[in-house]
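Chains as they are written, first to last, in this note's numbering: chain A, 1 to 545; chain B, 1 to 172.
Hints may contain errors.
As the list claims (entries may be wrong) - Under the rule of at most 25 Å between Cα atoms (straight-line distance), these lysine to any residue pairs were calculated in the SDA-like manner:
{"id": "1", "chain 1": "B", "residue 1": "164", "chain 2": "A", "residue 2": "37"}
{"id": "2", "chain 1": "B", "residue 1": "122", "chain 2": "A", "residue 2": "365"}
{"id": "3", "chain 1": "A", "residue 1": "365", "chain 2": "A", "residue 2": "341"}
{"id": "4", "chain 1": "B", "residue 1": "122", "chain 2": "A", "residue 2": "341"}
{"id": "5", "chain 1": "B", "residue 1": "164", "chain 2": "B", "residue 2": "142"}
{"id": "6", "chain 1": "B", "residue 1": "122", "chain 2": "B", "residue 2": "48"}
{"id": "7", "chain 1": "B", "residue 1": "122", "chain 2": "A", "residue 2": "37"}
{"id": "8", "chain 1": "B", "residue 1": "122", "chain 2": "A", "residue 2": "15"}
Said to hold, decoys possible - Just a few of them, taken from the derived set where beta-carbon distance is under 8 Å, the chain B residues facing chain A:
{"id": "9", "residue": "5"}
{"id": "10", "residue": "8"}
{"id": "11", "residue": "9"}
{"id": "12", "residue": "58"}
{"id": "13", "residue": "113"}
{"id": "14", "residue": "128"}
{"id": "15", "residue": "130"}
{"id": "16", "residue": "155"}
Hints were generated in silico from the structure; no laboratory data involved. No residue lacks a Cβ here, since even glycine has one placed at the ideal position from N, Cα and C.
Listed here are the chains, written in short residue letters.
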Amino acid sequence: MNHLTERQYSMYVDGALEAEEHARVSDHLAECESCALQIESWRNERNLIRSSITSFDGIQIPAEMPRFRRRMGLREFVMANLVTGGLIWVLQFVWKTVFGELAIELLFVALSRFSIPVPDGFDVMVETGLLFISEEGVNMITNYVLYIGVSAVALMSLWIAVSVRRARANSFAIVSAMLIAGSLVPTEVQALETRTGGALITIETDEVIEDTVIAAGETIVVDGDVSGDLLAFGRRVVVNGDVGGNLLTFAESITVQGEVEGTLLGAGSTFDVEASSIGGDLWGFANSVLISTETEIVGNAIGFAETFVFSGSAGKDLLAFSERLEVNGEVGEDVDAFSQTLNFLGQSKVIGDVRFRGEEEDLQKADGAVIQGMIEFPELPEDFTPRNRYLTGDYYIRQLVRLAAAFLAGLCFLWLLPVARDAELDGGVDGLKTAGIGLVALVSMPIISVLLAFTLVGMPIAVLGIFVWIALIYFAKIIVAYMVGSMLLNVIDGDDNLALTLFVGLVAVIVAVCLPGLGGFINFLLTIIGAGMLVGLLMSDALDR
Amino acid sequence: MATNVAFEILYREYYVRVFGLCRQLLGSTPLAEDAAQETFMRAYRHFDRYDTTLPFWQWIATIANRYCIDVLRKRSRSGALFDEEQFELDQVSSDTPSPLIQVLGEQDASVLSGAISALPDKYRVPIVLAYFHDASYDEIAEDLAISRNHVGVLLLRAKQQLRKSLEKGAMP
Numbered sequence: 001m002n003h004l005t006e007r008q009y010s011m012y013v014d015g016a017l018e019a020e021e022h023a024r025v026s027d028h029l030a031e032c033e034s035c036a037l038q039i040e041s042w043r044n045e046r047n048l049i050r051s052s053i054t055s056f057d058g059i060q061i062p063a064e065m066p067r068f069r070r071r072m073g074l075r076e077f078v079m080a081n082l083v084t085g086g087l088i089w090v091l092q093f094v095w096k097t098v099f100g101e102l103a104i105e106l107l108f109v110a111l112s113r114f115s116i117p118v119p120d121g122f123d124v125m126v127e128t129g130l131l132f133i134s135e136e137g138v139n140m141i142t143n144y145v146l147y148i149g150v151s152a153v154a155l156m157s158l159w160i161a162v163s164v165r166r167a168r169a170n171s172f173a174i175v176s177a178m179l180i181a182g183s184l185v186p187t188e189v190q191a192l193e194t195r196t197g198g199a200l201i202t203i204e205t206d207e208v209i210e211d212t213v214i215a216a217g218e219t220i221v222v223d224g225d226v227s228g229d230l231l232a233f234g235r236r237v238v239v240n241g242d243v244g245g246n247l248l249t250f251a252e253s254i255t256v257q258g259e260v261e262g263t264l265l266g267a268g269s270t271f272d273v274e275a276s277s278i279g280g281d282l283w284g285f286a287n288s289v290l291i292s293t294e295t296e297i298v299g300n301a302i303g304f305a306e307t308f309v310f311s312g313s314a315g316k317d318l319l320a321f322s323e324r325l326e327v328n329g330e331v332g333e334d335v336d337a338f339s340q341t342l343n344f345l346g347q348s349k350v351i352g353d354v355r356f357r358g359e360e361e362d363l364q365k366a367d368g369a370v371i372q373g374m375i376e377f378p379e380l381p382e383d384f385t386p387r388n389r390y391l392t393g394d395y396y397i398r399q400l401v402r403l404a405a406a407f408l409a410g411l412c413f414l415w416l417l418p419v420a421r422d423a424e425l426d427g428g429v430d431g432l433k434t435a436g437i438g439l440v441a442l443v444s445m446p447i448i449s450v451l452l453a454f455t456l457v458g459m460p461i462a463v464l465g466i467f468v469w470i471a472l473i474y475f476a477k478i479i480v481a482y483m484v485g486s487m488l489l490n491v492i493d494g495d496d497n498l499a500l501t502l503f504v505g506l507v508a509v510i511v512a513v514c515l516p517g518l519g520g521f522i523n524f525l526l527t528i529i530g531a532g533m534l535v536g537l538l539m540s541d542a543l544d545r
Numbered sequence: 001m002a003t004n005v006a007f008e009i010l011y012r013e014y015y016v017r018v019f020g021l022c023r024q025l026l027g028s029t030p031l032a033e034d035a036a037q038e039t040f041m042r043a044y045r046h047f048d049r050y051d052t053t054l055p056f057w058q059w060i061a062t063i064a065n066r067y068c069i070d071v072l073r074k075r076s077r078s079g080a081l082f083d084e085e086q087f088e089l090d091q092v093s094s095d096t097p098s099p100l101i102q103v104l105g106e107q108d109a110s111v112l113s114g115a116i117s118a119l120p121d122k123y124r125v126p127i128v129l130a131y132f133h134d135a136s137y138d139e140i141a142e143d144l145a146i147s148r149n150h151v152g153v154l155l156l157r158a159k160q161q162l163r164k165s166l167e168k169g170a171m172p
């Protein structure tokens, strides 16, 4: 072998030669004295460089400790915005109900009850002042929400602009920023008016309320107009005025005579709609649902009732799940009846087809009744036997859409909550515990929310709770999917490709959930495990802080 | 703020070493001050990503390396610090200067330290990574985005350059 090159000397003393070359050089050094001497001086030189390079002469720790502060990242910013928005929403609701309604009332009840002597004009002054505060307070908060929203959008656009100019932003960042900006655009804050208590709550004829109204009481009579939505809970609800939004009522007996621009939903024992016009759909859940002659429904009429009498007119379909269905009005499209008996009286007119899931002899048609389409009798058993879903193309397209949606939602979720990436499932008893926690969370949350909804002040929290619950069910599977993905890809820490891991996991989970027979059970299991992991993670994260 | 206290302890313990590493990588004390601060700031911000099973030094040194290499890349306008086209032949040349140990003799080690600081970026960075941070050739190759062989050549060139500059300096 020839003498060594400088590269070999240098790399040999650094221990950086490949094993084979290293062995060759070692062999050569054993027999060549001059090269051995050379290597010795290269080694000394390396040590010399090393010792002089690792000198810390003249370095001192600065007297002033830098202030270690976490700079708010985009993620924290978005989170802070979402939380602020939610808080403001709750606060506004509480302000309106507690302060605007109850506090002022209580003050005056107290003043008169204890006959506290007040100077002339004091009550007027106080009332004006308090009203001002309650009104202005709401305005103030509304403006604050607007401010946050607008500033968020402005900052976000700035960020996008800067990122694009730097050409550093990838498409994902832009898409997510747009989504965030979109979700932060301030929605019109609906003011809310609540009326509670007492045997009788009335909204007078000449009264016009420009808000959404929630009314709860024994008897509720609405003669005036409500421009927003109207939610009424009571024993007896009578709505004679017009409702600009949706009308939702839950009462033993419900009578609606006014005009409803949106959807009308009534649930109770008797539900009567008389001479009213409904801009959207009508949903009736009651023992008896009665839609009288002069009622006009632009959308569908849907009834779940023992007795369903439909004499009005519907722009679209009439759908009935009832024991007895009587039609004496006009239906713009089809009639679909799941009922024991179906009577078409003399005034009825159906533009589309009639499908009656019952015995042919139970359908009666008066002479004057007009049915322009076909009358079909689809047999119940046949229709209720599910076709083999695995043989339809639709099924696979749906799964693909589901995958895409879960992927996008999961990306946002894991980006916003990086702690969710650390989810791990312990084996054995701990794993069971996680599933148990998940099950408890999934069962208890809707129950608590419903209970909260009964106290009107708790309503926004209840609504929030239901949203969180739905989110929990959805994201539970995503978090499991991410965990499965990292197991499949053998990702140890969270540094590996987030998107790829999530995608692989989601594919695996969706395939498992779609397995015939077992799929439903797997779905349930994954949901409670995921929910348990999520709850556990959030709890431990909160405890850490 | 428990993490703050813990981090301040780490700061006190590692500041000198991080500063030393940055000073050698950047070849400048004022730049190293900024770099050390920035390194600790970055470490603080991403402290949740620190794998506690690894030595802290290894982790923070990697942060310092990346930051300093970024600074050097930005400084050299082209951005290509360790261009492959500068791949030199690694044959023994006839005028190879004698090893440092002979040139330097009994001289002060600070002379060598100064010579290292004066090396051009492309030689200084690999030598600091190799002998200060104790990075392997593979790690250096990855950090600088060059081939392993190129690392070997750069290190050899760095040593030759050191010899040359010290030989010149040693002659009156």
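These are the hints, each one checked on the structure:
1. A threshold of 25 Å between alpha carbons decides the hint, and for residue 164 of chain B with residue 37 of chain A the separation of about 21 Å falls inside it, so the pair holds.
2. A distance of roughly 95 Å separates the Cα atoms of residue 122 of chain B and residue 365 of chain A; the hinted pair therefore is violated under the 25 Å criterion.
3. For the hint linking residue 365 of chain A to residue 341 of chain A, the alpha-carbon distance of about 11 Å falls within 25 Å, and the restraint holds.
4. Between residue 122 of chain B and residue 341 of chain A, the direct Cα distance comes to roughly 91 Å. Violation of the 25 Å bound is thereby established for this hinted pair.
5. The straight-line distance between the Cα atoms of residue 164 of chain B and residue 142 of chain B is roughly 29 Å, outside the 25 Å bound, and the hint therefore fails.
6. Between residue 122 of chain B and residue 48 of chain B, the direct Cα distance comes to roughly 33 Å. Violation of the 25 Å bound is thereby established for this hinted pair.
7. For a cut-off of 25 Å, the pair hint linking residue 122 of chain B to residue 37 of chain A is broken: about 29 Å separates their Cα positions.
8. Between residue 122 of chain B and residue 15 of chain A the CA atoms are separated by roughly 21 Å; this keeps the pair inside 25 Å, and the hint holds.
9. Taking 8 Å as the C-beta cut-off, the interface hint given for residue 5 of chain B is violated, the closest approach to chain A being about 10 Å.
10. Interface restraint check: residue 8 of chain B against chain A, minimum CB-CB distance 6 Å, threshold 8 Å, status holds.
11. For residue 9 of chain B, the interface hint is violated, since its Cβ never comes within 8 Å of a Cβ in chain A; the closest pair sits about 11 Å apart.
12. The criterion of a C-beta within 8 Å of any C-beta in chain A is not met by residue 58 of chain B, whose closest approach is roughly 15 Å, and the hint is violated.
13. The interface hint given for residue 113 of chain B holds, since its Cβ lies 5 Å from the closest Cβ of chain A, which is under the 8 Å cut-off.
14. Below 8 Å, beta-carbon pairs count as interface contacts, and residue 128 of chain B has one with chain A at about 6 Å; its hint therefore holds.
15. Hint status for residue 130 of chain B relative to chain A: holds, with the closest Cβ pair at about 7 Å, below 8 Å.
16. This hint holds: residue 155 of chain B has a C-beta 6 Å from the nearest C-beta of chain A, less than the 8 Å allowed.
In this structure, the earlier hints numbered 2, 4, 5, 6, 7, 9, 11, 12 are contradicted, and the remaining ones agree with it.
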